[in-house]
Amino acid sequence: MSDDVTEKMRAIIAEQALIDPTEVSMDATLEDLGIDSLGLVEAVFAIEETFDVQVPFNANDPADSAFDISNVQSMVDAVKALVAQKAG
Amino acid sequence: MRRVVITGQGAVSALGHTAPTTMEGMREGRCAIGPLEMRDVERLSIGIGGQVRSYDEKAHFTRQELTFFDRFTQFALIAGQEAMTQSGLEVDEETALRAGCVVGTSGGGLHTVDDNYRTVYEEGKNRVHPFVVPRLMNNAAASHLSMKHDLRGPSFTVATACASSNHAMGQAFHMIQSGMADVMLTGGSESMLVFGGIKAWEGLRVMSKDGCRPFCKTRNGMVQGEGAAIFVFEEYERARARGADILAEVVGFAMSADASDIVMPNSDGAQRAMAGALQSAGINADEVGYINAHGTGTAANDRTECAAVRAVFGDHADRLMISSTKSMHGHLIGGTGAVELLACIMALRDGVIAPTANHVEGDPECDLDVVPNEARDADVSVVLTNAFAFGGLNAVLALRKV
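Protein chains in written order, with full-length UniProt numbering: chain B, 1 to 88; chain L, 1 to 402.
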């Protein structure tokens, strides 16, 4: 089930959570991982740099952004959609 | 302790190139935020700001002067001249030694920094103009104001991000109050609307792409502006003796640090700054008729600021007015408190409360009288003006009608 986008995302999230990528479970929330708003903004930046995409994310109200940050899986799905959109 | 009054005001903002035109814009509730015009604007994801338009630097300064004046210095000098002229102050030998200048700015000469980084990094040149350092330095505006008006007393720059101007004006107030000086030119200036400046702010993801709507349920971030406002602060007896037109009295000032987070505001720090300003002025909370809010239009600031006002003012929070003029001129960062002081003077002197423009829908988390969209006539005798900076550094001034 694992793929390139998922592995890179786990690495990005692990870096902010200060844990090993293998410890990042797909249903973990940012809160579970101990990632605060600054960590999230840094992760969004890393995603944009890694995948060369624009993430629709406004730090004023992260929950209301088009980028679904409910858990690791939702973020991976969102990034995959952005990557597909870019390719398409 | 000596009393401190304001005897001159000057400004350059997106709303107007003088203090009266800026105040007129506030009275009209006019939003001066629009599409940015600058080099490489198509590479920015944030395309709006409160830029100073129809401005020709050559109409104000000679070519020789311009080699030394970054845009933020230019704005400070124009506003400073207007303030000095209005005050009617003659700086003789005795006055010069008792007069100083404290100016707030966050970034200093950012146009100079941006232009010259391009020169050396983008264009690959190995030589820059000889006066890059004196143009970009943070204290350039304060130094040129002191030279221009022969102010030979205490002069320096204060840089506390978005609270720079309020911290600067608070220092000027304290210096006159304590007897260290008799006259202070003070306020703030900022021109961060350059490619690198906006690019940096984009990174934080707190900027709005479509407008500045403080306290509104639909708010989605801040919008930057640029400009300056400079005031003449003067010891009261001196001002009265020379028959000066007194615009308002500065009666209190307080500072606090959140000591909690580098970007997220904290209600406790804001409360302590507001309560401290009231205490230092010896005024009761229920005397305050108007608060010029920090009101950036970010989710976090506006919610926290309203909670702090409720905590400090209790039931009186429902009887006072609070507005954010950033909705009209944008957030001038280190210059913002100075331009916003004009709204305080307008409230005290003209009995007109500047509105919060662009208000669409009330937010239960900001349930105060935010004076939506239209200025209001009101008789107020005491006002506060808030500034809460990134880094958790807060500065609040209290003013009274004279």
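There's no promise every hint is true.
As the list claims (entries may be wrong) - Straight-line alpha carbon distances no greater than 30 Å define the calculated DSS-like cross-link-like pairs of lysine-lysine that follow:
#1 B:LYS80 with L:LYS148
#2 B:LYS86 with B:LYS8
#3 L:LYS58 with L:LYS217
#4 L:LYS125 with L:LYS217
#5 B:LYS80 with B:LYS8
#6 B:LYS8 with L:LYS199
#7 L:LYS58 with L:LYS125
#8 L:LYS217 with L:LYS199
#9 L:LYS199 with B:LYS86
#10 L:LYS58 with L:LYS148
#11 L:LYS199 with B:LYS80
#12 B:LYS86 with L:LYS209
#13 L:LYS199 with L:LYS209
Just so you know, the hints here were simulated from the structure itself, not pulled from any lab data.
Q. Holds or violated: LYS86 of chain B with LYS209 of chain L, Cα cutoff 30 Å?
A. Roughly 22 Å between the alpha carbons, so the hint for LYS86 of chain B and LYS209 of chain L holds.
**Q.** 30 Å limit on alpha-carbon distance, applied to hinted pair LYS125 of chain L and LYS217 of chain L
**A.** violated (49 Å)
Q. Are LYS86 of chain B and LYS8 of chain B close enough, with their CA atoms no more than 30 Å apart?
A. holds (17 Å)
Q. Would the pair LYS8 of chain B and LYS199 of chain L pass a check requiring their Cα atoms to be no farther apart than 30 Å?
A. Distance of about 26 Å is within 30 Å: holds.
**Q.** 30 Å limit on alpha-carbon distance, applied to hinted pair LYS199 of chain L and LYS209 of chain L
**A.** At roughly 13 Å apart (the allowed maximum being 30 Å), LYS209 of chain L and LYS199 of chain L satisfy the hint.
Q) Is it true that the CA of LYS58 of chain L sits at most 30 Å from the CA of LYS125 of chain L? A) The given pair, whose Cα atoms are some 27 Å apart, holds under the 30 Å limit.
Q: Please work out if LYS199 of chain L and LYS86 of chain B have their alpha carbons no farther apart than 30 Å.
A: holds (23 Å)
Q.
What's the verdict on LYS58 of chain L and LYS217 of chain L, does the C-alpha distance respect the 30 Å limit or exceed it?
A. Between LYS58 of chain L and LYS217 of chain L the Cα gap is close to 43 Å, so the pair fails against 30 Å, i.e. violated.
Q. Within a Cα-Cα threshold of 30 Å, do LYS80 of chain B and LYS8 of chain B meet the stated pairing?
A. holds (11 Å)
**Q.** Distance restraint between LYS199 of chain L and LYS80 of chain B, which requires alpha-carbon spacing of 30 Å or less
**A.** holds (26 Å)
(Q) So if I understand the rule, the pair passes when the alpha-carbon distance is 30 Å or less; does LYS217 of chain L with LYS199 of chain L pass? (A) Distance ~26 Å between LYS217 of chain L and LYS199 of chain L Cα, so the pair holds.
Q: For the pair supplied as a hint, LYS58 of chain L and LYS148 of chain L, confirm whether the alpha-carbon distance does not exceed 30 Å.
A: holds (18 Å)
In this structure, the earlier hints numbered 1, 3, 4 are contradicted, and the remaining ones agree with it.
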